[in-house]
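Chains as they are written, first to last, in the working numbering: chain A, 1 to 301; chain B, 1001 to 1143.
Treat the hints as calculated values from the structure; they're not laboratory data.
Just so it is clear, the structure is predicted and the values come from calculations on it, not from any experiment.
Check the hints yourself; a few may be wrong.
Which residues of chain A face chain B? A partial, calculated answer using Cβ under 7 Å [unchecked claim]:
1) A47
2) I58
3) E61
Just so it is clear, CB atoms sit at the ideal spot from N, CA and C, and this is done for glycine as well.
One-letter residues, chain by chain:
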Amino acid sequence: MRLFIYYFVFPGFIFASVVGLLTVWLDRKVSARIQWRYGPPWYQGFADIGKLLYKEVIIPEEAFGSGFMAAPLFGLASVTLAVTILCVSFFGMSEGFIGDIIVVWYLFAIPAIALIYIGSTSGNPLSSVGVSREIKLLLSYDLPMIIVIVMIASKAGSFSIRAVMEWQRINGSNISSWYGIIAFAVAIFCIQAKLGRVPFDLPEAETELGSGILMELSGGVLAAYELSKAIMLFGLPIFLIILFWGKGIIGGVLMYLLIVVLLILIKNTNPRVRIDHAMKYFWGWMSGAAILAGILAYFGV
Amino acid sequence: MDILKKSFKKSIWVFHLSTAACNNCDIEVLELLTPRYDVERFGIKLVGSPRHADALLVCGSVNAHAKPRLLEVYRQTPKPCLVVAFGSCGCSSGIFRDSYSIVGPVDKVLKEEDPDAKIVYIPGCPPKPEAMIEGIIKGLEAI
Chain A
1 MRLFIYYFVF
11 PGFIFASVVG
21 LLTVWLDRKV
31 SARIQWRYGP
41 PWYQGFADIG
51 KLLYKEVIIP
61 EEAFGSGFMA
71 APLFGLASVT
81 LAVTILCVSF
91 FGMSEGFIGD
101 IIVVWYLFAI
111 PAIALIYIGS
121 TSGNPLSSVG
131 VSREIKLLLS
141 YDLPMIIVIV
151 MIASKAGSFS
161 IRAVMEWQRI
171 NGSNISSWYG
181 IIAFAVAIFC
191 IQAKLGRVPF
201 DLPEAETELG
211 SGILMELSGG
221 VLAAYELSKA
231 IMLFGLPIFL
241 IILFWGKGII
251 GGVLMYLLIV
261 VLLILIKNTN
271 PRVRIDHAMK
281 YFWGWMSGAA
291 ILAGILAYFG
301 V
Chain B
1001 MDILKKSFKK
1011 SIWVFHLSTA
1021 ACNNCDIEVL
1031 ELLTPRYDVE
1041 RFGIKLVGSP
1051 RHADALLVCG
1061 SVNAHAKPRL
1071 LEVYRQTPKP
1081 CLVVAFGSCG
1091 CSSGIFRDSY
1101 SIVGPVDKVL
1111 KEEDPDAKIV
1121 YIPGCPPKPE
1131 AMIEGIIKGL
1141 EAI
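Kindly generate the complete structure, drawing on both the sequences and the hints.
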């Protein structure tokens, strides 16, 4: 029963989707203010989801129907699980388990894999271009982020969320040191790519591929995808807070807002990159910076 | 169900479709997204795929070449959806009405495919942005 409440109510599905959809609103509102527009009302995210649930679901003729319907739900379920594991440890409701950082990072990868599945099963040529980009993007941002995670975990001496937070409580936050700042910059860009936002929105490039990988999604299927993206927008900053800040709820909320605003600013000040640029960027500069941060961490700077 | 229906009115995603338009209306549509008119405050945004759309914004007097495309996009759009016949050409084929290649205004073509199609007419050459906002809001009340 307790696990049920954790998963579905707090801090799982309902809590995460409400906060996530409010963050989606924050994203759109701040973007609008940056462009001198007024922006949507606070309930916009909820209205979008409600509207999509009201609409008809169209399954393309070429698509494999049940897989097409089920894949976004798999994505949604795994993202919710990831957020639950993160928040339960963060709020101190449970001890967690060894290796939960790795489990959470790979649970966050499942929506992308579900999306790859949908895109390739929908039988649309533009979707398949989006699929190839999504696969390349998934491979490219994983490398620097894994280096950062391994670095922080080896600093704390354990792959458990509780241990990382405990280590930071005793020795000071990771972000207050040079290696922490470099690793944080790397992680912010990896998260931006994981959320599929500008400048790394190439799989769903709206003006170029006509929504690319999402092109054939409609109604409730799209709603499940949008919801999982909103929950990711809540979960991934929490993941960064655990890795780099690790203390207290109030500081955590401020840090959360800071990370979200950073993500919004990156989104609004950059054009979309090409896929080869994105791969060069992540495998070259970002991995290099992550390794540099690892070296600095080894010497304790 | 009622709240879902209500949220439909608060979040309209528009797919912009040009069926042999002179490009004047197409330019005018972009004005709606600028800071001055900013339709995002009503939850309206442009999307790239008809599968995501709640409203089809059809500009232009439909010619024989564009007709099957218009019908195909209409079939691809999940229902319920609103069709906006946009500009003088969209409403009545405008000055091109008697041309050899014109097969009729938007409503005539769509009624062949779906007699119950919900169509809003926004006249003008091109319509003013205020007229577009008002037209879409009136159309939503009709749904």
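Open item on the list: Let me make sure I understand: some of the numbered hints might not hold for this structure. Which ones are they, in numerical order?
Closed with: 3
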